[in-house]
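A.B. asks: Here is what each chain is made of, one letter per residue.
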Amino acid sequence: MSGTMTITLNVWRQSDRNSKGRFARYTLPNVSPDMSFLEMLDLLNLDLVRKGEEAIAFDHDCREGICGTCSLYINGRAHGPLRGVTACQLHMRTFHDGDSITIEPWRAKPFPVIKDLVVDRSAFDRIMAAGGFVSVRTGGVPDANTIPIPKPVAEEAMDAAACIGCGACVAACKNGSAMLFVAAKVSQLALLPQGHAERQQRVEAMVARMDAEGFGACSNTYACEAECPKKISVTHIARLNSEYLRAKLI
Amino acid sequence: MTLDPKIPAGPIEQKWDNHRFAMKLVNPANKRKYHIIVVGTGLAGASAAASLAELGYRVTALSYHESPRRAHSISAQGGINAPKNYPNDGDSVYRLFYDTVKGGDYRAREANVYRLSQVSNAIIDQCVAQGVPFAREYGGLLDNRSFGGAQVSRTFYARGQTGQQLLLGAYSAMMRQVGLGTVKFYERREMLDLVVADGKARGVIARNMVDGRLESYEGDAVILATGGYGNVFFLSTNAKMCNATATWRAHKRGAFFGNPCFTQIHPTCIPVASEHQSKLTLMSESLRNDGRIWVPKAKADKRAPNQIPEEERDYYLERLYPSFGNLVPRDVASRRAKEMCDKGHGVGTTGLAVYLDFSETIKRNGQAWVAEKYGNLFDMYKQITGEDGYESPMRIYPAVHYTMGGLWVDYNLMGTIPGLFVLGEANFSDHGANRLGASALMQGLADGYFIIPYTIGDYLASNKFQKIDAAGPAFKEAEASVADLTKKLIAVRGKTPVDVFHKELGRIMWEYCGMGRNAAGLKKALELIPALRERFWEDVLITGSPDSFNQELEKAHRLADFLELAELMVRDALLRDESCGGHFREEHQTEEGEAKRNDAKFSFVAAWEFAGTNRTPKLHKEPLKFDYVKPSQRSYK
Ligand SMILES: Cc1cc2nc3c(=O)[nH]c(=O)nc-3n(C[C@H](O)[C@H](O)[C@H](O)COP(=O)(O)OP(=O)(O)OC[C@H]3O[C@@H](n4cnc5c(N)ncnc54)[C@H](O)[C@@H]3O)c2cc1C
Ligand code: SF4
Ligand code: FES
Numbered sequence: 001m002s003g004t005m006t007i008t009l010n011v012w013r014q015s016d017r018n019s020k021g022r023f024a025r026y027t028l029p030n031v032s033p034d035m036s037f038l039e040m041l042d043l044l045n046l047d048l049v050r051k052g053e054e055a056i057a058f059d060h061d062c063r064e065g066i067c068g069t070c071s072l073y074i075n076g077r078a079h080g081p082l083r084g085v086t087a088c089q090l091h092m093r094t095f096h097d098g099d100s101i102t103i104e105p106w107r108a109k110p111f112p113v114i115k116d117l118v119v120d121r122s123a124f125d126r127i128m129a130a131g132g133f134v135s136v137r138t139g140g141v142p143d144a145n146t147i148p149i150p151k152p153v154a155e156e157a158m159d160a161a162a163c164i165g166c167g168a169c170v171a172a173c174k175n176g177s178a179m180l181f182v183a184a185k186v187s188q189l190a191l192l193p194q195g196h197a198e199r200q201q202r203v204e205a206m207v208a209r210m211d212a213e214g215f216g217a218c219s220n221t222y223a224c225e226a227e228c229p230k231k232i233s234v235t236h237i238a239r240l241n242s243e244y245l246r247a248k249l250i
Numbered sequence: 001m002t003l004d005p006k007i008p009a010g011p012i013e014q015k016w017d018n019h020r021f022a023m024k025l026v027n028p029a030n031k032r033k034y035h036i037i038v039v040g041t042g043l044a045g046a047s048a049a050a051s052l053a054e055l056g057y058r059v060t061a062l063s064y065h066e067s068p069r070r071a072h073s074i075s076a077q078g079g080i081n082a083p084k085n086y087p088n089d090g091d092s093v094y095r096l097f098y099d100t101v102k103g104g105d106y107r108a109r110e111a112n113v114y115r116l117s118q119v120s121n122a123i124i125d126q127c128v129a130q131g132v133p134f135a136r137e138y139g140g141l142l143d144n145r146s147f148g149g150a151q152v153s154r155t156f157y158a159r160g161q162t163g164q165q166l167l168l169g170a171y172s173a174m175m176r177q178v179g180l181g182t183v184k185f186y187e188r189r190e191m192l193d194l195v196v197a198d199g200k201a202r203g204v205i206a207r208n209m210v211d212g213r214l215e216s217y218e219g220d221a222v223i224l225a226t227g228g229y230g231n232v233f234f235l236s237t238n239a240k241m242c243n244a245t246a247t248w249r250a251h252k253r254g255a256f257f258g259n260p261c262f263t264q265i266h267p268t269c270i271p272v273a274s275e276h277q278s279k280l281t282l283m284s285e286s287l288r289n290d291g292r293i294w295v296p297k298a299k300a301d302k303r304a305p306n307q308i309p310e311e312e313r314d315y316y317l318e319r320l321y322p323s324f325g326n327l328v329p330r331d332v333a334s335r336r337a338k339e340m341c342d343k344g345h346g347v348g349t350t351g352l353a354v355y356l357d358f359s360e361t362i363k364r365n366g367q368a369w370v371a372e373k374y375g376n377l378f379d380m381y382k383q384i385t386g387e388d389g390y391e392s393p394m395r396i397y398p399a400v401h402y403t404m405g406g407l408w409v410d411y412n413l414m415g416t417i418p419g420l421f422v423l424g425e426a427n428f429s430d431h432g433a434n435r436l437g438a439s440a441l442m443q444g445l446a447d448g449y450f451i452i453p454y455t456i457g458d459y460l461a462s463n464k465f466q467k468i469d470a471a472g473p474a475f476k477e478a479e480a481s482v483a484d485l486t487k488k489l490i491a492v493r494g495k496t497p498v499d500v501f502h503k504e505l506g507r508i509m510w511e512y513c514g515m516g517r518n519a520a521g522l523k524k525a526l527e528l529i530p531a532l533r534e535r536f537w538e539d540v541l542i543t544g545s546p547d548s549f550n551q552e553l554e555k556a557h558r559l560a561d562f563l564e565l566a567e568l569m570v571r572d573a574l575l576r577d578e579s580c581g582g583h584f585r586e587e588h589q590t591e592e593g594e595a596k597r598n599d600a601k602f603s604f605v606a607a608w609e610f611a612g613t614n615r616t617p618k619l620h621k622e623p624l625k626f627d628y629v630k631p632s633q634r635s636y637k
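Just so you know, the protein sequences line up as chains Y and H, in that order.
According to this note's numbering, the first sequence holds residues 1 to 250 in order.
According to this note's numbering, the second sequence holds residues 1 to 637 in order.
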């Protein structure tokens, strides 16, 4: 283990949805390179509370890169500098003694700030409720093996299904588009035979809901793919587009 | 109050069928008159909410998460069991039942386990129909793999993300109902009390975590699907927010707590690296198939692993268990690792780790072979530790992983408060003293999709419900008590943040009520915990306002409950003067150091009744009978 580092942080502080936010500056000594990024924030929060100040609010839960809860915009990049890595998996060894780090919340109109670094991503749930499912009820379904699915198809569906719904794609996009998130679900269910019966309604309903929530249009900059911690490919956006076109033609 | 598990009569294969026929039904037109509150929307809660709404009930679901998809279930890696017998290797409903009862070291209720095994096949069908992308073989059919505690391949999986894919399936089914307006979902709401009126569970009080307001939710029945309490140890593989508040507060309102001391410790986790460690990460136990576990023979040996010659290494599992070697069950592997470290052979800067060494396998089969099988785990290890497991051995240490204990429920999954149902990890039901791998996902979904839709109907149809008003006295009293507690927490205005106390509690629990327990240590913990609780109530410092988003306040509420639950766990561990499964009382071991059960005295479920804060809880016993799987001693020599 090498020695500890001193880090300067510029952190977005905002009391609630309607207040104006601002950056606050903190100097944090004794940061160990073995700490995770969120543990570094824990340490800062301990300091702040001991001083009688309010802790910095940030969303997190699994700290393993799977729940999609963490949502930090670090030095101008969603989830920070490493590709395919969520903010919670980032470790301080990626930074250097004396570094200054800016931390902001996801910035997108459909994701209003709740407090400090916490945003409201319930728009994603509403898109899911509009059509991100196969309409089967519990019970009365066929035996699992009556629907054979070629392995490559299953694998590709799984690639899409790996989306953790974090919203980094939206935060990274200059238009605030949710296309990659929506495409991942549409694509998963379009690839699988179980999803075919509803493919037309699904894509229409999800896209309509996405637009109604105020997400921007996709202009193919591919910033989403570059920042997606699960490396969801933009080829799924192509599939979404063709599903959409197909639905409109039928 | 006598504990009645309500096990249906008849041979075990027919109990569930008979019971389903005997239960009363709510006619379709009447279902919409009933309102059910579901607290928790992980696998168990989301599947229940979806299934009940599909039947026609009105459902209100609450979660402290911002979305059902964030629940801790999402992080399960390995898989889900079902005895489909697709591989034609001799599996059956009976075999899964047998393995689960035995794996639980004969401390689970046979009838429940049999039903779990019976309905598990339908779970796989359901998930596939929803579009869950399980792994497949080249012919397009579903693939299975083997998992600990079983000699057959019955585990279905979706890469290393099985929990994620199952939860997304249940979540999509639930969101469909949200879209249809049959489920109302309230996110970022934390249940802080259960409302009991006329002797029945009729609602909950929840804090809106965004604006701090207390809200009342009234209904005809309440379902808790709020997960486990592993985070009582502070460090565990559970997600950071997992907590016991919902179940503990229900306990304080009269729900008995079953087998609180039964916790599972998983042997292959990434060890603690620094005092700032906030949680632990699990690595699949499949690693033990090809890795060898060792420690230096010399104590406090600070040499790099590669500089320690072969003859100075102790492959202790292979030495102690020549036939099972590194593949002994979870509890045994965990305990032996601790023992080695306690004796001073531990490695790494903290001395609390053992080596998991792949060098021999790499030499034999090549690095590419290892990478293909375990690449993602080596990557994860590198991500967290910054070290390369191919070049030098990985360091691992056991970590708290799962809690078999939970609120006591009868065969209908109803607790001791009428109308309070408990599903998933939150109940104590099916795993006895030790859970087998890939069986928690199965249990959560069995409870939610296939059991509660039947049993809750019987309860609703057999009872009369007075009109209840969220402005009525029962709700007012509960709301006032929550408001009062919040006020008291804030008013302490001490000097110490919540997490400092939580870490301290974790240290006490790990030391005295962790992998190895003994009477002296447990008694010591019974002094330390109340003292810590007292210090917490004198010195905790919560900044920020209660009327706004306040994560410090959230943590304080949860810790206040952990500080009480911890004491009950210790009491339960002290009472259970035997070793079984994950509960290892050092006084009770065989000559070889294995767990020694005492069936004559302890073949029962310990169900604890709350008697008031700082008062000794009352013990009730549910005797366990084994008519099908005869108890025997485990041996892995
Ligand atoms: C790292 C890891 C790997 C695992 N791998 C496997 C595996 O491979 N196979 C397997 O079978 N099992 C595995 N398990 C165990 C399994 O994942 C869990 O036991 C299971 O998912 C629990 O599901 P649940 O629905 O009961 O609870 P959870 O998924 O924990 O959901 C709890 C829900 O309750 C809500 N909640 C809790 N308290 C409140 C409150 N007071 N107010 C409002 N809402 C509340 C939460 O918001 C959440 O929605 C693993 C566990 C871990 C930690
Ligand atoms: S597509 Fe990627 S960035 Fe977007 S929500 Fe899914 S995982 Fe996050
Ligand atoms: S906290 Fe779960 S993905 Fe980061």
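Incorrect hints may have been included.
As the list claims (entries may be wrong) - Chain Y residues, not near chain H, derived (Cβ > 10 Å throughout):
(1) D42
(2) E53
(3) A212
Unchecked claim - Cut-off 16 Å, straight-line C-alpha distance, at most; resulting in silico cross-link-like pairs (EDC-like, lysine to aspartate or glutamate):
(4) Y/K51 with H/D342
(5) H/K596 with H/D627
(6) H/K84 with H/D143
(7) H/K495 with Y/E54
(8) H/K373 with H/E285
(9) H/K102 with H/D599
(10) H/K495 with H/E564
(11) H/K299 with H/E339
(12) H/K382 with H/D410
(13) H/K621 with H/E586
(14) H/K503 with H/D539
(15) H/K601 with H/D577
(16) Y/K51 with H/D539
(17) H/K621 with H/D4
(18) H/K343 with H/D301
(19) Y/K109 with Y/E198
(20) Y/K151 with H/D143
(21) H/K625 with H/D4
(22) H/K495 with Y/D16
(23) H/K299 with H/D342
(24) H/K382 with Y/D16
(25) Y/K151 with H/E137
(26) H/K495 with Y/D34
(27) H/K84 with Y/D143
(28) H/K625 with H/D599
(29) H/K495 with H/E534
To be clear, the hints were calculated from the coordinates, so they are not data collected in a lab.
All C-beta atoms in this analysis are idealised placements derived from N, C-alpha and C, irrespective of residue type, glycine included.
A.B. asks: Would you list, in rising numerical order, the hints stated earlier that this structure does not obey?
C.D. replies: Numbers 1, 2, 4, 5, 10, 12, 13, 19, 22, 24 and 26, in rising order.
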